[in-house]
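Enquirer: Modelling step: build the complete structure from the supplied sequences, incorporating the hints.
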Amino acid sequence: MPGHSRRKMHFGKLYSFSCFKPSFREDHDQIGQRGYSRVVYCNDPDNPEAVPLNYRGNYVSTTKYTAVNFIPKSLFEQFRRVANIYFLVVAFVSFSPLAPYSAPSVLAPLIVVIGATIIKEGVEDWRRKKQLQIENLYSGIAQSAVFRLQQCDTEFLCLLALMSFMVPGVTVPIAILLSNAHSNCNLSSNCSLVTLTVKWGSIVTVLEEKTLKWFQDIEANNRKVKVYGRDHTFIETKWKNLRVGDLVKVHKDEYFPADLLLLSSSYEDGICYVETMNLDGETNLKLKRSLEATCSLRDEESLQKFTAVIKCEDPNEHLYSFVGTLYYDGKQYPLSPQQVLLRDSKLKNTDYIYGVVVFTGHDTKVMQNATDPPSKRSKIERKMDKIVYVLFSTLILISSVGSVFFGIATKKDIASGTYRRWYLRPDDTTVFYDPKRASLASFLHFLTGLMLYGYLIPISLYVSIEIVKVLQCIFINQDQDMYYEETDKPAHARTSNLNEELGQVDTVLSDKTGTLTCNSMEFVKCSIAGVAYGRGMTEVEMALAKRQGDRPFEVDGSLSDVSGHNGNTVDSGKSIKGFNFRDERIMNGLWINEPHADVIQKFFRVLAICHTAIPDLNEESGEISYEAESPDEAAFVIAARELGFEFFGSTQTSILLHELDPKTGEKVTRVYELLHVLEFTSSRKRMSIIVRNVENQLLLLSKGADSVMFERLSKHGRMYETQTREHIKKYAEAGLRTLVIAYRELGEDEYRIWEEEFSKAKTSVTADRDALVAAVADKIERDLILVGATAVEDKLQKGVPECIDKLAQAGIKIWVLTGDKMETAVNIGYACSLLRQGMTQIVITLDSPDIEALEKQGDKEAVAKASHESVTRQIREGRSQLSSAKEGSVSFGLVIDGKSLDFALDERLENLFLDLAINCASVICCRSSPKQKARVTRLVKVGTGQTTLAIGDGANDVGMLQEADIGVGISGVEGMQAVMSSDFAIAQFRFLERLLLVHGHWCYRRIAMMICYFFYKNITFGFTLFWFEAYASFSGEPAYNDWYMSCYNVFFTSLPVIALGVFDQDVSARLCLKYPLLYQEGVQNVLFNWPRVLGWMSNGVISSIIIFFFTTNSIFNQAFRMDGHVVDYEVFGVAMYTCVVWVVNCQMALSINYFTWIQHFFIWGSIALWYIFLVVYGSFPTTVSTTAYMVLVEACAPSILYWFTTLLVVVSTLLPYFSYRAFQTRFRPMYHDIIQIRRLEGADSDLSIDLPARVEIRMHNLKVNLRQRNS
Amino acid sequence: MMSSNTASSSSGNAGSADSSANRRTSKRPKYSRFTQQELPACKPILTPKWVITVFLLVSIVFIPIGVASLFASRDVVEIVDRYETECIPPANRTNKVGFIQSSADKTCNRTIKVTKRMKQPIYIYYQLDNFYQNHRRYVKSRSDSQLKDPKSASDTSACDPEGTLNGTVPIVPCGLIAWSLFNDSYSFSRNNNETLTVNKKEISWKSDRDHKFGKAVFPKNFQNGTLIGGASLNESIPLSEQEDLIVWMRTAALPTFRKLYGKIETDLNPNDEVRVILENNYNTYSFNGKKKLVLSTTSWLGGKNDFLGIAYLTVGGLCFFLALLFTVVYLVKPRRLGDPSYLSWNRNPGGR
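Quick note, the sequences are listed as chains F and E, same order. Reading the first sequence from the start, the letters are residues 1 to 1271 in the UniProt record's numbering. Reading the second sequence from the start, the letters are residues 1 to 352 in the UniProt record's numbering.
Where hints are given, some of them may not hold.
[What the hints assert, rightly or not] Computed footprint of chain E on chain F, listed as stretches where at least three residues anywhere in the stretch have a Cβ under 8 Å from a Cβ of chain E: (1) 235 to 249; (2) 839 to 847; (3) 1035 to 1045; (4) 1183 to 1196; (5) 1226 to 1238.
[Claimed, not checked] Straight-line alpha carbon distances no greater than 20 Å define the calculated SDA-like cross-link-like pairs of lysine to any residue that follow: (6) E/Lys290 - F/Tyr419; (7) E/Lys206 - F/Phe1180; (8) E/Lys140 - F/Thr1182; (9) F/Lys411 - E/Pro255; (10) E/Lys333 - F/Pro1229; (11) E/Lys140 - F/Val431; (12) E/Lys206 - F/Arg1226; (13) E/Lys27 - F/Arg1226; (14) E/Lys49 - F/Gln478; (15) E/Lys43 - F/Asp1064; (16) F/Lys305 - F/Asn43; (17) F/Lys412 - E/Lys43; (18) E/Lys43 - F/Phe1161; (19) E/Lys290 - F/Asn43; (20) E/Lys96 - F/Tyr419; (21) E/Lys333 - F/Arg1226; (22) F/Lys412 - E/Lys290; (23) E/Lys333 - F/Thr1186; (24) E/Lys30 - F/Thr1182.
[Unchecked claim] Sample of chain E residues with no beta-carbon within 12 Å of chain F, all distances over it, derived: (25) Arg110; (26) Thr266; (27) Asn269.
It should be emphasised that the hints constitute simulated quantities derived from the structure, not laboratory data. Don't be surprised by glycine CBs; every beta carbon is placed ideally from N, CA and C.
Expert: Put into structure tokens, the structure is as follows:
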């Protein structure tokens, strides 16, 4: 894909993140113009104006290939490759007399190679389908399809049955399904068919997922939905029959059949809840709200008169944006994503909704999103292309040399009327050999030469590499050490293109939340009424304690019980998810004895009421779980529940709590009348809720970020401010997320006035309604009374510090890009050993007093200018600090905040910034937005030219993952969005260590070796042909029989090299992890740099020279056996070919590091296969075998000279390489050589003790080295 | 060079096996040495000991073979007589091509002196030079089916321009190879008129006689065209018995080649004078090709060629030298290869 369009696409995606809510005015202006041209005639799809629009139907097909288009489509894909086109042309030419060998022998390998590639494509496609919601397939299909089968859809059943006959891959699940259907089915006519199918299905079991996927599509296309018909009632129809403009009714727990505009719901105010699991993997419920204008259309009668027109954007992939206008009742209403229900999400907690179909089928947002991740190619592969070009040039060069000589020789054949080589009959010849037209003959010969030396271009290289990569992926997927028991997730390589790139990663850019941490929020501490509660010790605190020399670290100030932190988990019966709060002072209802019991009560009431979570009662256990918008919120509700304020139910207008009555000590139910929710937005950074309690008090309960909350406190509400601020600071230092809790009582009058204003704002139809609502909300969120603050911990994932340490030892630079506060980020940095003691921190921030002062003045330009200057200055300072300490062993950590980052990423500054950053051991960017993350990734990728790897788990990391050379998704809590756009998916951050150091290293090594070897073996072979040509007056006669040649790449040399690519290991996994520095072989690309590639190539040329000249000199011209026979063309071909097969296979045996039975089998088997082939092929009739007839059995095998020559040639050809390696291992060993030898000597046990120290020194050397290379 | 290593088996497996067994649809990858890439393997490492051993081993094997080959080659007696110029009357030497194409008498007498005793069988070869039997046009110009099967006589598509006579009647055997059949002939006598019989039977490959050239295929229309290439064939003898043709049809790989002409099944003694009556018919003069008559005995290794022996000795000697070199290096600087001071990226580790 051309880079330009890809970039464009990316920014498009980023845009959707940065502007969640594009301002209406701007976008709505564009309606009707390009990109915003869709017109939907609601409830009137047969409108004469709607018909010519001809939007796509709701039919979907998600497979890349179908049974029908598979062959042509995949063939087309194949011939998009230059090399394959070359081979295709060659194949065509082979039918002409130009061909040096027969057409079948040219076509056969091409067919084998392309066939193998196509099969591989098929398998890949199949695998891709498998990973697409395979779980859903089993559960979803089994349930819904059986349900549907009960309704006995004849067509559906027949289709199923038919499919099982067509595709022999109908398998157990379908068999089960059908047998279920069988028992439920009341259509006797189908039953025999079904029985038959069940039998058939149980006999044949292959290709299950493929069938299942098709099956899923068919299933989806045939689902039923209620559509408003002409007779003004709802009738059932199939999904695939839906048209744009149709009015549909969707019931609870049903999927939306297309992208709908929400008109109204069973709730009066037109809200509904949706689960978007299939879109972004998030399990929490999302609230959608219809326009006020339409929410009254709640029955079939009122719908009768409903007609409207929607003008909106064209289909696109942005899930979170929608721009449109509704023309209804002569008025215009702006539409936002709030009113759009997306296909594949599910209606929850709402009885039914009415909606208008806006996008159908492949136009829906989910389908638009279902594109493959941008295709990425590894550096090695890109370089390989260059090498192929080099080989192409070589090919052209030697072909033209050959044709020049040929032309001269041909021209000379007729000289002054006499025929020189009369035996060629130059007087009566075709154009190809015509001395009178020697230059034309010479040109045509050039084409012959291209074919003849075509063996220089390894025809099977691409397919071999792809096969190898697929197998490597299987090894990655199968690695038990990357399997995560808790979520039952193994590692998953989603693309096979980038395996070797894993071995060359220079910089890792990591998300923090959910990647380094678990993203399961735990309520650990709180500060109420100026008293700190919660005695647990966070990991960060432990790390901090360690960093400060094991001095007990006091968080609570007054209370230090460091010893309690490991004991306290034992006494607390069972652990509760999201709750890790231990403090006997307020737990188990003891809070009533605390001095500020009333404040504590208020505190937990706020936690229990002020949220948007939905309780979910488990009928069996009676336990309540919560579905919340964010894990933080869930943690609060759970904490409140655990402390005796159980939120157990809610309606549209009320919130129900079980509370502990402090006076009686009993549990009572309290009802709070819910009046208003002032929602959380990232700009407001707070949420509030207005309720009326049983005492008829009006309360505004509020929670929010400290930065916005403290300024909203009333004068008398600041009693605990200083202590709370102190605590919040400490919590942040301890790596906790904090929120401030406050409340206020409202007067009835005040409320009434405000409510009026608020309702007006809410119902206003102007474009800036949101801003208006926010402004009104802001009016009442004032004069709050501070209650306290909460602190939730996002725990570090297991093994993160160790993993980061290992990666750092391997010379990989790690950048953390997080949205957190600087303090939190820095402390997490310490906790995960990203920042270490003794590291000098360079901090770049704009939180300086003068900038803030400027900001208050509101002069944006001045602020920008000052900020820019400030950042520049800070970067320069850091740079000078760095260079002054260059020779010291001090390493640096760079911390930069989001605001500064914006300026640092400015064109003028980015190089300076990059220069500073790459010289720091670790970099932390705080408060960075998704867009910034992607931009930083891009800067590193382009700026350093090194391989970057981005790792993240959330939707906000998608841009980063796609921008980086390799995107690794963590299949964690935040859903599948990141995973779906990643190249590799792992369950835990710590698996990155194994993925890179073991699999990456191996794959890099394997692929690099494999490509080098491929070139070597083909050059060796190709050049023997060339040398022979020199002795055949360049006439284009190959030295070998046609079929020997076509089998060369396919049978005699391919399997060992594939075995190399799949299995070779220089050192075992254990040693890879033990000596992480080994990884630098990949980063510095020592196995695939030009000297090495050219080295292998010249080795090939030298080998071919030795093979050709030693063979010819040994067996010519004397008798080669005792009975006086001499060597002719046939014997010579076999003798030389034997040497080539032996040499390249033995070369393989010499170069690999790992001999299992597989390698032995393939290498020696290939050689044996050659002899077997000769015997078998030689026993065919002479017209088939031609020059190979009985050649081994009769002529060669009885000749001692033949065997002696083979031995001589093979040993002398391998001698240069062997000596080179012997000297290299002795005098300039590579890193893996050393490790291998140490392992052999059993000396690695003592090495491990002093390794880290030495590694530090080596790392330093390495950096110096790199710096020299860069400059 | 080899050291066997049994890979350590996974330890993390046993502990969690129970829990995963409970889970019905666990996606835990199954353990096998194969999938975990822990197959038992040899890991060849080039330690000095192994390097020296390998070099020594090669030299120990190669030097004896070299000596034996050299002896075998020395045992062979080979007499080469180049005659292409000598057999043209001095008057015609300015226009050799003209002479060879004329109908003049081309008989020529040569005398060969035997220097060493030659045990029978003595193989007679003719050696041509600068003759491209491996030219693509030439090699392809034959019809295997026609040679084999009398019914395929008209299968001459590959044989142009020697496929058919006047475009109608197929030529058997067709093609340039057969057409240019060598037609010099030699007869031998020793020490004044003791005729040496030349056995021309079994000079070709048996498989050729039995399978490639049919017993029922007889030459037809051969050399009847306007241009006559080389020898003509007796039309009453089947192709399978035309051994000169069979030998010739096995094309040579290089432009200089020998072909078997016959065998003398009498021992020749030193100082014997062999007189050769030679019909010098074949035109190599157009392309300046040499013609040589070769008489040679064979050893167990075949004919006379010192190259193999010398090459074996050279390679064997080189390996011995390298083994010595390594030993010296190893003795002088016995630094351990696993020396950690090598663990550095400072030097640029390039190359293979």
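Enquirer: Hint by hint, where does the structure go against what was stated? Just the numbers, ascending.
Expert: 1, 2, 12, 13, 14, 17, 19, 23 and 24
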